[in-house]
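S.K.: As they're listed, the protein sequences go chains A and B. According to our numbering, the first sequence holds residues 1 to 512 in order. According to our numbering, the second sequence holds residues 1001 to 1146 in order.
Be aware that one or more of the hints could be misleading.
[To be verified] Here are the simulated distance ranges between beta carbons:
1. A/Val274 - B/Ser1017: 46 to 56 Å
2. A/Leu299 - B/Pro1073: 48 to 58 Å
3. A/Leu176 - B/Asp1029: 47 to 57 Å
4. A/Ser58 - B/Ile1083: 19 to 29 Å
5. A/Pro410 - B/Ala1016: 31 to 41 Å
6. A/Val285 - B/Ser1017: 48 to 58 Å
7. B/Ala1016 - A/Val285: 23 to 33 Å
8. B/Asp1029 - A/Val44: 39 to 49 Å
9. B/Pro1073 - A/Ala37: 36 to 46 Å
10. B/Tyr1020 - A/Phe233: 16 to 26 Å
11. B/Ala1016 - A/Ser450: 48 to 58 Å
Keep in mind that the hints were calculated from the coordinates and are not lab data. C-beta atoms are modelled at their ideal positions from N, C-alpha and C, and glycine is treated no differently.
Residue-level listing of the chains:
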Amino acid sequence: MMAFAIQHLPILPIAIALLAAALTLVVGERRLAQQRAIVWVAIVLMLLCGALAVNRTSGGQMFVYLLSNWRTPFGIALVIDKLSAIMLLLTAFIGALVMAAQTRGGRPAGTYFYPLFMLQLMGLNGAFLTGDLFNLFVFFEVLLAASYGMLLQHADRARTNAATHYVVINLLGSALFLIAAALLYGVTGTLNMADLSQKINAVGPQSRALVAAAGFLLLVVFAIKAALLPLNFWLTGTYRAATLPVAALFALMTKVGVVAIARTLTLIYPDGGVINAHMSQALLVIAPLTMLVAACGALSARDVGTLIGWSVVGSAGMLTTALAIGDPKAISGALFYLVGSTLATALLFLNAASLDQTGARVATGTDPGGRRWASTGALFLIGGAVMAGLPPFSGFIGKATILAASTSHPAQTWVWTAVLLAGLLSILAYARMGSRLFWKRDATLVEGASLLPTGVLAIALFGLTIFAAPLQRYTDQAAVELKRPQIMIGNVLGKLPQQKPVASVPATAVGK
Amino acid sequence: MSLALLVALGVGALMASGIYLLLRARTFDMVLGLTLISYAVNLFIFFMGRLAVGKAPIIRAGVPENLTNYADPLPQALVLTAIVISFGMTAVLLAVAVRSYAENGHDHVDANGGPDVGTEAAASAAADADTDVPTDMRPPTGRVAK
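Could you put together the complete structure from these sequences and hints?
M.R.: The following block contains the structure:
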């Protein structure tokens, strides 16, 4: 059983989610209990897969899985390195908490919620795992298609309008992605990321411009996903329109963009190339600006959903800044920050689900449930502190690592100014929103919302601070692994197909 | 060379028309625009395997297996995937566009562009815009599971 799990580990998170999605459809929309049972089993299995992947990769192992046993540059390869392992675990964890928030609420967030939810997780897992550019496009489409479905649930006017913008910008992004992938295939003749990395290095001067154009197109596409500055305006509206547990899941989708940018900067266009230098320069302008604009947006936010949405944009800017600095220490800090900020975003969204800001203001003193108010406020405070990067939370550790790593970088002044100013503005934004919500009580508490998922998230965030050393060791190793693309290239291209028994292969099948 | 130029101009014309339609900011034009863009992209993928006339990507005995004798089969497989996905996404987009029209009473992409739903102004604006479309064309809202 264990040997099977290890041998097929890279495909399992995708296959389990797909199977669960199909099973929930077979069971039917009316049998909610059975659907929930299926989803829970799938999520527990995914958690186990994620834990196994993190465990094994921390020992220095890298998994390469050849789909249909095709040799690497020709077939699609799935890869688990340290980065994808930790993303798998994070996805399964957030999935479990969103599911817990859903289950406690009684009804699911909409029709066919569970199949869509499973397909979304499948798309996320696939996007983290795949080592093939075109396959990455396909998994993007899977997770986007599922998110369109979840976003349009209970659509009223505002939601439909937000969904229209969201669908259109993502379709346009997909078109650009295809152009970039086709360009790269046309020049290099491969779509495998590891193989691309080598072939791009060897491209002659007459095709340099094409390869650079493709690289920047990829960057634009991933910037749409990660919501970097000129391309971030879809995000707040969309997140506000989504029901809040779904928005918690959406928090992972910007991270897909960030991980894809990480792959672009470390694997497809690795350090030392002219294109990489240009990309880093461009991102070092855009990403800190994104942080600043996001902090201003957070200050201007009038409801919790918008505030958290802008924080998501800000954290994407932070992560991309660190990736653009490119130092292994900065990347390690970014991965640390990524884990913390994703958990904090989920915490904030799930916590905000228990607040209703649509109704009239409740008069202070007559409102029952003082203890619930206190716990909801405390959770909001924790989430806000992580997003703003205040000690003692994990956001601070990640941020401090990134700042320390940028000291020798020429853009240090700019990065420090942006990071610190954005941090200050977010503290103001959270303080203002918090005092409005919890002191002036400019909202009502929703009955029946559970404290379990948010409580678990808060404990996890404390855990990230207390057990920061093991996680930081892991992210350090992951960053070193990312900065040495030769490791992945060697593993992926060196992976041989499994030998079939010789007798079963007819001689004529070996084409000559 | 002339074939390559023709192909490039064709892809460019499709893309340009698509972008123009997309910028018109009405849902129907937007659907058409994205469809044209996806056509352009599909053609682009297809031609990235190089233009080959009269060469099937099917291996024949005795003919050396290289791209001078055969068309590149991979872009053909890729374009098939891309066509299917863009087809499905266009269907989703159409559903969203119909819903948006039903909710807003007009087909501008930004809801703020027109009068509010439910007011007389909206009703008359919708009636002026298109008298053929029934005002109750709102699609069935999703079943809520019991």
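S.K.: Now tell me if each hint is right for this structure.
M.R.: Hint by hint, here is what the structure shows:
1. A/Val274 - B/Ser1017: 46 to 56 Å: About 35 Å separates the Cβ atoms of A/Val274 and B/Ser1017, which means 46 to 56 Å is violated.
2. A/Leu299 - B/Pro1073: 48 to 58 Å: Because 55 Å falls inside the window, the suggested range holds.
3. A/Leu176 - B/Asp1029: 47 to 57 Å: Since the Cβ atoms of A/Leu176 and B/Asp1029 sit about 20 Å apart, the hinted range of 47 to 57 Å is violated.
4. A/Ser58 - B/Ile1083: 19 to 29 Å: violated, 42 Å
5. A/Pro410 - B/Ala1016: 31 to 41 Å: Cβ of A/Pro410 to Cβ of B/Ala1016: about 40 Å, so the range 31 to 41 Å holds.
6. A/Val285 - B/Ser1017: 48 to 58 Å: violated, 33 Å
7. B/Ala1016 - A/Val285: 23 to 33 Å: holds, 29 Å
8. B/Asp1029 - A/Val44: 39 to 49 Å: holds, 47 Å
9. B/Pro1073 - A/Ala37: 36 to 46 Å: holds, 44 Å
10. B/Tyr1020 - A/Phe233: 16 to 26 Å: holds, 21 Å
11. B/Ala1016 - A/Ser450: 48 to 58 Å: holds, 53 Å
Hint compliance for this structure: hints 1, 3, 4, 6 are not met, and every other hint is.
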